[in-house]
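Asks: Assembly of the complex is requested from the two constituent chains, each provided in isolation within its own frame, with the hints serving as guidance.
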Amino acid sequence: MNRKRTGIAIGLVLALAFCGAAAAQDTVKIGVVGPRTGPAAATGAAFDEGIKLAVDYVNGKGGVLGKKLEVAFEDTAGAPDKAASGFERLVTRDKVVMVLGESHSSSALAQIEVANRLKVPFVVVEAWADEITAKNYRYVFRAGPSNSGVVNQTIAQWVKAETFKRAYVIAENTDWGIGIGKLTENALAKAGIPYESMITERNSQDHYVELTKIKAFKPDVVLAYIYGVGLHYFVAQAGETGVSPKAVVLDGAGPPSLWPDYWKNVGDYGDLECFVSSMHEKVELTPLAKYFREAYTKKFGKAPTDYKSRSIFDGILIAADAINRAKATDAEKLVEALEKTNLETTRGTAKFGLTKGGPEYHQWMPPMLVIQWQNKQQVVLYPTQAATGKLKR
Amino acid sequence: MLAISVMNGLVMGVIYALAALGVSLVVGIMNVINFAHGELYILAGYFSFLFASVLGLPVAPAMALAVALVFLFGLLIERLLIRPTYGNDMYSLILTFILSIVLQNAFLLIFGPYPNKPPLWVRGASDIFGLFSYGNQRLAALLSGAVLIAAVFLLIQKTWFGRIVRATSQDRGMAEWNGVNTTRLNMLSFGLGCALAAAAGVILSPVFPVTPTAGVPIALTAFVVVVLGGMGSLWGCVVGGLLLGLVENLGAAFVSSGYKNVFGFIILILVLLIRPAGLFGRAKL
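Those protein sequence lines, which keep their order, are chains A and B.
With our numbering applied, the first sequence covers 1 to 393.
With our numbering applied, the second sequence covers 1 to 285.
Since the hints were made in silico from the structure, they are not lab data.
Heads up, a few of these hints could be off.
If you want the footprint, here are the derived chain B segments under chain A, 3+ residues with CB under 8 Å [unchecked claim]:
#1 67-81
#2 133-146
#3 175-181
#4 184-194
#5 209-223
Now the in silico label distances, taken between C-beta atoms and shown as ranges [stated by the list, open to error]:
#6 G124(B) with A216(A): 37 to 47 Å
#7 S197(A) with F265(B): 17 to 27 Å
#8 L80(B) with K327(A): 56 to 66 Å
#9 V122(B) with T349(A): 29 to 39 Å
#10 H280(A) with N31(B): 55 to 65 Å
#11 V122(B) with N116(A): 48 to 58 Å
Positions of the beta carbon are idealized from the N, C-alpha and C atoms, including for glycine.
In isolation and in its complexed conformation, chain B is listed as follows (with noise of 0.2 Å):
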């Protein structure tokens, strides 16, 4: 019971990182919040069902291909509707509020209410050293999910987009007057923030199926993991969300599945409670 508890919080601790990667990117650079961020995931999951089971597309680029759309449509949310509220966040608080109901009326009205997903990468399940049997699909999120973290990280760290993206998240207007076109940056990042949430939701849509309302709980979650983590902090993200992953595993093991979700906002008080700021403190990338 243990070893499984420990690999399921794995998954989804790496699940819910991956998730919340794209809110705190937009939160440490822009501090904007995207309420549209779970539907943005659910999309891509559309697409993905979409472009691989009804045009027939290899797995591959129907993933790639989703992805590619959903950061477009998430440059066009930023320069539409993100960029005329700078100064006020709650204008772009609302608006993507807003934002978030009209798509999934629109996945209501084009794909019904019905769960979706894409084809499987990979079928059936493994043994686990013997002692238990897992999910091939899982697993292949898993590893997808560890990769595109550490590509993020290494983008962050060790690239020149990355030193731009660090120095406007540590002072917007010292990284102007070194020359930083930081309009076009937020919409940049906007962009790939939304492309996060699409990874998530390509990875994980042949696993959990998607539905025009199951964007929110996943929004919820990404949001729990960057408050725990700490506003705007990646290391915060990927550490708040396997900490969520494994104590909501191990309470439903060892304690109750019924409350498996309350465990999850108890480690929140808690962590807020002793570092308000959350576990990686200010907003620092």
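Chain A with its partners taken away, still in its complex shape (with noise of 0.2 Å):
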């Protein structure tokens, strides 16, 4: 009776390991790494959505090699050692083939490294910082923006166009917002813009003392490297103490100044406030831009805001372009597809550089644009050849 129930029991272990393993075999994993917790949880919701869409575009059409697509999500919380942990754990315990996402630089230039040291690919969509293409490694990609290519393209081209007098630079001690801000500070230069600068902490709530001594330069622009909540903290307060509207505030990241509790966070202050986004409703690049907008407001009754949920689109598109060209889950092979990458997405065709030596190495920088909110509608201002209004003070 013991060695039937045993019989019985070995089978049905069999049975489910076999049915596992055919229902592994039906999909192809990729892993996605982002803040779904700590200061910047939002552009985790932004990721989900876009997922959610990428996932539903993909195997709609097929899937990937005969397969469908599948997506593992690990949340780094904004942390460099918790993303770092977050990546090993999609590639070891999930078994990804490739991964994509993040939107904090400290995590993506620890993750880099565990990407290079397990050799699987990585492509970064939202994190900025030039260093992380900068160091050339062969398995980490960029479809995304990168500081130097916003400051160079987008906002010091914007600062000149509007004939800006003075500007204040401040940012975040991050690596995103220690990068940009210097960045900023060559391009102004260069320009002849005078500027001051300044560093503030990352996780501050109160920005009074800083914006004082921002008031005392008279600047007419002050372009704000600071991310998450910090931003809404930052407008309301800059209003409060009167550095707005006499100096127009850019926030030189975008998303926060898109989230859903933006104006019940900074009320009237909020507007002529800009900023720089690579979305914008009357903006589509192309027909796939239509489509998302379509596909996002039928799915989730709401217009998209927050443009990460578009960048992480794109990206999972162009990994399942990749895998598919590949022909195969191999990370060589996929490299080498993703270096041939030649598709068309929601923000324009992505193609990576290959010429090593800096920042452009595997980097493909869509477009961005300059936008102000006036009376709590969206202006573009920049590019000049896209723009919808001009600049109010």
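Replies: Below is the structure:
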């Protein structure tokens, strides 16, 4: 009797194992890393939305290698140690063939070391520090903005185009903040625009003292590189201390100015604030951008605002395209396929740089816009050919 | 620059002191460190937001209701989690740490990752003696924070309840022999400590919106203030809070704003080197 029961038990275990293996073989798994908790947890929510749409899109078109695409998500909380261990878990536990995502440069800088060590392709989508691609790691790509790209192609050009006379640069004490702040200073010096700068504590809720220093300099533009809820504090307090609207405040990251509670948190002080973004309802660069807007609105019952939902959508499409062209999930073949990427995404045609020696290696820089809130409406200011209105002061 | 740094230091100092008072009270009486203190601050902020912004209650009743609910929640925590661990401080430390993680994730699930804030009591900013412009809501927070701190001192120094609290803090055994029900006092004190965190939360959430994990730095600052002032000392909380607020703001103004948090820790290290028990010495209320 016991032998019979043991036999049945073994049979069941084998059957379950077989079912599991069969299910695993039906999918190709990729990993996504991003902050679901911490000060930028909203980015995790945006990533979640983009992932759902991308998985539907890819699987609706036949999946990858004839199988369904599956995504495993690891929360990095914006902390480099969690980011590195989360990345490693995706590779060792979930057996993903490629990893995408990230929104914090400090986290991404920790993850690229893991990617390089484990030899797993990693496509960064929203961590901007130049060092991420400047290290020229074979397995590291970026399909998204870089600090130098955003500053030299968009922010510095916009500051010159609006003929601002005095600028103040305030940057948070993170890899992203310090890097983009320094690049902005260099660009302003090159353009001959007088400026001053300061570093602020990333988690600070209170910016009164900094804003008093800024006010004393009498700038007509403040370039603020503060990410997360901190940006809301900064914009509200800039209004309270009288820095704005005398000076135009630019949110140099973008999404916090588009979060659902932005207006509730900053009140009327939010009007006339400017921010960078790769998305605007009246600027659709490709047919896929139109598809994304429609699919997003249908699925979530609201219009897309945080452009990072679209960044991860593009990232997954790039990954799926590379896997299909590689006709394999082998890392070396995936890297070769990624290097040959020429894919239309929502933000234009993705194509990675192949010249070694600088941050352009394995980098695709999508175009960015400068947008201003005018009576709670988004008005595109830069680039001028895409402008839907003029700067209000 | 000096004027606004001092003013801002005072405002932040009162806020720090208020957040630390609850921690100090619980440490002084129960010798329990509540790791979920910051999350209770955030919970009150969410309640205040929910009642005022979502249900449309007037601001004052919404705040009072938020504090009352957190007080009741505090009583429940004491009864279910803290009381069974009496005699072993490590268990309560671990349990409140777990509670803080559970609450953070519950906030994330219920309210989402975006910042939330209840309506402002007063809008706009005021010109302070022609020196600088200062947000009216911050001035209101300073005033109400100071009034609340004074009320806590009156409660501890001038009332029968305060006398029991001081007696228990000084000698628990002696207080019991004199008929004090210390089990009930523990429960009430823990609830009061939570209510103080909640009061800080409802006063400050219109200035600094609440997010699921925003309680962590608040609790950390409160612990720094408590250690700076001396474990269990209410005066220590007030002096420690004001000192921390002033040092952070003057340091940010005249040295570097990037190292704002470092100044607080430098002061903490210096004070602990000179007076290891904190500014106001041993546990005494």
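Asks: Confirm or reject each hint.
Replies: Against the structure, the hints:
1. A count of 0 residues in the stretch 67-81 of chain B with a Cβ less than 8 Å from any Cβ of chain A is obtained; the coverage claim is therefore unmet, three being the minimum.
2. With 4 residues bearing a CB less than 8 Å from a CB of chain A, the stretch 133-146 of chain B meets the requirement of three and the coverage assertion stands.
3. Residue count for the stretch 175-181 of chain B with a Cβ under 8 Å from a Cβ of chain A: 0. That is fewer than the three needed, and the coverage hint is violated.
4. With a cut-off of 8 Å between beta carbons, the stretch 184-194 of chain B has 0 residues touching chain A; three or more are needed, and the interface restraint is violated.
5. Three residues within the 8 Å Cβ limit are the bar, and the stretch 209-223 of chain B against chain A gives 6, so the coverage statement holds.
6. Between G124(B) and A216(A) the Cβ separation comes to about 22 Å, which falls outside the hinted range of 37 to 47 Å.
7. S197(A) and F265(B) have their C-beta atoms about 25 Å apart, which keeps the hinted 17 to 27 Å range intact.
8. For the pair L80(B) and K327(A), the beta carbons lie near 58 Å from each other, so the given range of 56 to 66 Å is met.
9. Checking the proposed 29 to 39 Å range against V122(B) and T349(A) shows it is violated: the Cβ atoms sit about 52 Å from each other.
10. Roughly 58 Å separates the CB atoms of H280(A) and N31(B), a value that falls within the hinted 55 to 65 Å.
11. At roughly 54 Å, the beta carbons of V122(B) and N116(A) sit within the given window of 48 to 58 Å.
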